[in-house]
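Q: So the chains spell out like this:
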Amino acid sequence: QKEVEQDPGPLSVPEGAIVSLNCTYSNSAFQYFMWYRQYSRKGPELLMYTYSSGNKEDGRFTAQVDKSSKYISLFIRDSQPSDSATYLCAMSVSASKIIFGSGTRLSIRP
Amino acid sequence: SAVISQKPSRDICQRGTSLTIQCQVDSQVTMMFWYRQQPGQSLTLIATANQGSEATYESGFVIDKFPISRPNLTFSTLTVSNMSPEDSSIYLCSVRDTSYEQYFGPGTRLTVT
Chain A
1 QKEVEQDPGP LSVPEGAIVS LNCTYSNSAF QYFMWYRQYS RKGPELLMYT YSSGNKEDGR
61 FTAQVDKSSK YISLFIRDSQ PSDSATYLCA MSVSASKIIF GSGTRLSIRP
Chain B
1 SAVISQKPSR DICQRGTSLT IQCQVDSQVT MMFWYRQQPG QSLTLIATAN QGSEATYESG
61 FVIDKFPISR PNLTFSTLTV SNMSPEDSSI YLCSVRDTSY EQYFGPGTRL TVT
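Line order of the protein sequences matches chains A and B. The numbering of the first sequence is the working numbering, which starts it at 1 and goes up by one. The numbering of the second sequence is the working numbering, which starts it at 1 and goes up by one.
Just chain A, same shape as in the assembly (with noise of 0.2 Å):
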């Protein structure tokens, strides 16, 4: 069993729609959780980083943390066509390895 998984998608909605995108882990040590952004041919761009559990928001993306399920989300709210990249997870336990989630493609349609 990997310790991150995500679905690698690819996942393709409608401009305007919410996007939900998921991770599992296996690893309850794990503290740190991020989600990065990559378009294509690009380096992947921190877009979300939060501590422990609970909810972060920051404009249409809001990232969500349940440590008791090892469940993550990211939600995107108001999907717009510039939102179309693969979209990682990340998790560390401390200031150590990060260890990311497969990606997930996403695609909005205009």
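Simulated from the structure, these hints should not be mistaken for laboratory data. The reader is advised that the hints may include incorrect statements.
[Claimed, not checked] Cβ-to-Cβ under 7 Å is the rule here; a few derived chain A residues that face chain B: (1) TYR39; (2) GLY43; (3) PRO44; (4) LEU46; (5) SER52; (6) GLY54; (7) PHE100.
[Unchecked claim] Derived DSS-like pairs (lysine-lysine); straight-line CA-CA distance at most 25 Å: (8) LYS56(A) with LYS67(A); (9) LYS67(A) with LYS97(A); (10) LYS65(B) with LYS7(B); (11) LYS97(A) with LYS42(A); (12) LYS42(A) with LYS7(B); (13) LYS97(A) with LYS65(B).
[Unchecked claim] DEER-style ranges, computed between Cβ atoms: (14) THR79(B) with TYR71(A): 38 to 46 Å; (15) ASN82(B) with SER12(A): 41 to 49 Å; (16) LYS2(A) with ASP64(B): 25 to 33 Å; (17) ARG60(A) with GLU86(B): 39 to 47 Å; (18) ILE18(A) with THR79(B): 44 to 52 Å; (19) GLY16(B) with SER82(A): 41 to 49 Å; (20) ARG60(A) with SER18(B): 42 to 50 Å; (21) GLY16(A) with PRO85(B): 42 to 50 Å; (22) LEU46(A) with THR20(B): 21 to 29 Å; (23) SER82(A) with ILE12(B): 24 to 32 Å; (24) SER26(A) with LYS65(B): 27 to 35 Å; (25) GLY16(B) with GLU5(A): 21 to 29 Å; (26) THR17(B) with SER26(A): 38 to 46 Å; (27) SER18(B) with SER73(A): 40 to 48 Å.
In this text, a Cβ means the ideal position worked out from N, Cα and C, and glycines have one as well.
Dock chain B against the given chain A, drawing on the hints supplied.
A: Chain B alone, transformed into the frame defined by chain A:
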């Protein structure tokens, strides 16, 4: 957030040769890392570049194949040695600041023929 640049952005190399990739950060950072990303796949950590000492390599990666230098807190190089087509990949420099947020460079796209 740190601004990271990498050189070259892409290269096509012949089997058996070596390529050195440079990573420059616009501010001093605590930790620097090198990752590899195969097409359509996630990120694999190659090594942590330590300032003033030998890099720390992950399982499956060795210094003879991927020598790394980090002469100061803003610069690092990764060399891919004695290349084979299996080394064709995107190589990414990454840095972490004191807030534990980790950032990535634009990547170097390497093709080995």
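Q: Give a verdict on every hint.
A: Cross-check of the supplied hints:
1. Checking TYR39(A) against chain B by beta carbon gives a least distance of about 10 Å; that is not within 7 Å, so the hint is violated.
2. Given hint, GLY43(A) at the interface with chain B, holds; its Cβ is 4 Å from that chain's nearest Cβ, closer than 7 Å.
3. The criterion of a C-beta within 7 Å of any C-beta in chain B is met by PRO44(A), whose closest approach is roughly 5 Å, and the hint holds.
4. The beta carbon of LEU46(A) comes within 6 Å of a beta carbon in chain B, closer than 7 Å, and the hint placing it at the interface holds.
5. The beta carbon of SER52(A) comes no nearer than 13 Å to any beta carbon in chain B, farther than 7 Å, and the hint placing it at the interface is violated.
6. Because the smallest distance between the Cβ of GLY54(A) and any Cβ of chain B comes to about 17 Å, over 7 Å, the interface hint for this residue is violated.
7. At about 5 Å, the closest approach between the beta carbon of PHE100(A) and any beta carbon in chain B falls short of 7 Å, and the interface hint on this residue holds.
8. Using a Cα cut-off of 25 Å, the hinted pair LYS56(A) and LYS67(A) holds, with the two alpha carbons roughly 14 Å apart.
9. With a C-alpha separation of about 19 Å, the suggested pairing of LYS67(A) with LYS97(A) holds against the 25 Å cut-off.
10. Proposed proximity of LYS65(B) and LYS7(B) is supported: the alpha carbons are some 19 Å apart, at most 25 Å.
11. With a C-alpha separation of about 22 Å, the suggested pair LYS97(A) and LYS42(A) falls inside the 25 Å cut-off, and the hint holds.
12. At most 25 Å may separate the alpha-carbon atoms for a hinted pair to count; LYS42(A) and LYS7(B) meet this at roughly 14 Å.
13. Annotation: proposed proximity of LYS97(A) to LYS65(B) holds, straight-line Cα distance about 21 Å (limit 25 Å).
14. For the pair THR79(B) and TYR71(A), the supplied restraint of 38 to 46 Å holds, since their beta-carbon distance comes to about 40 Å.
15. The hinted range of 41 to 49 Å is satisfied by ASN82(B) and SER12(A), whose Cβ atoms lie roughly 42 Å apart.
16. About 29 Å separates the C-beta atoms of LYS2(A) and ASP64(B), a value consistent with the hinted range of 25 to 33 Å.
17. Distance hint for ARG60(A) and GLU86(B): a CB-CB separation of about 40 Å, consistent with the stated range 39 to 47 Å.
18. Distance hint check: the CB atoms of ILE18(A) and THR79(B) are about 46 Å apart, consistent with the given range 44 to 52 Å.
19. Roughly 42 Å separates the CB atoms of GLY16(B) and SER82(A), a value that falls within the hinted 41 to 49 Å.
20. Checked against the given bound of 42 to 50 Å, the beta carbons of ARG60(A) and SER18(B), roughly 45 Å apart, stay inside it.
21. In this structure the supplied range 42 to 50 Å holds for GLY16(A) paired with PRO85(B), their Cβ-Cβ distance being about 44 Å.
22. In this structure, LEU46(A) and THR20(B) meet the distance hint of 21 to 29 Å, their C-beta atoms being roughly 27 Å apart.
23. Checking the proposed 24 to 32 Å range against SER82(A) and ILE12(B) shows it holds: the Cβ atoms sit about 31 Å from each other.
24. For SER26(A) and LYS65(B), the Cβ-Cβ distance of about 30 Å falls inside the hinted range of 27 to 35 Å, so the restraint holds.
25. The beta-carbon spacing between GLY16(B) and GLU5(A), approximately 38 Å, falls outside the hinted interval of 21 to 29 Å.
26. A hinted range of 38 to 46 Å for the beta carbons of THR17(B) and SER26(A) is consistent with their spacing of about 41 Å.
27. As the Cβ distance of SER18(B) to SER73(A) is approximately 43 Å, the hint placing it in 40 to 48 Å holds.
Hint compliance for this structure: hints 1, 5, 6 and 25 are not met, and every other hint is.
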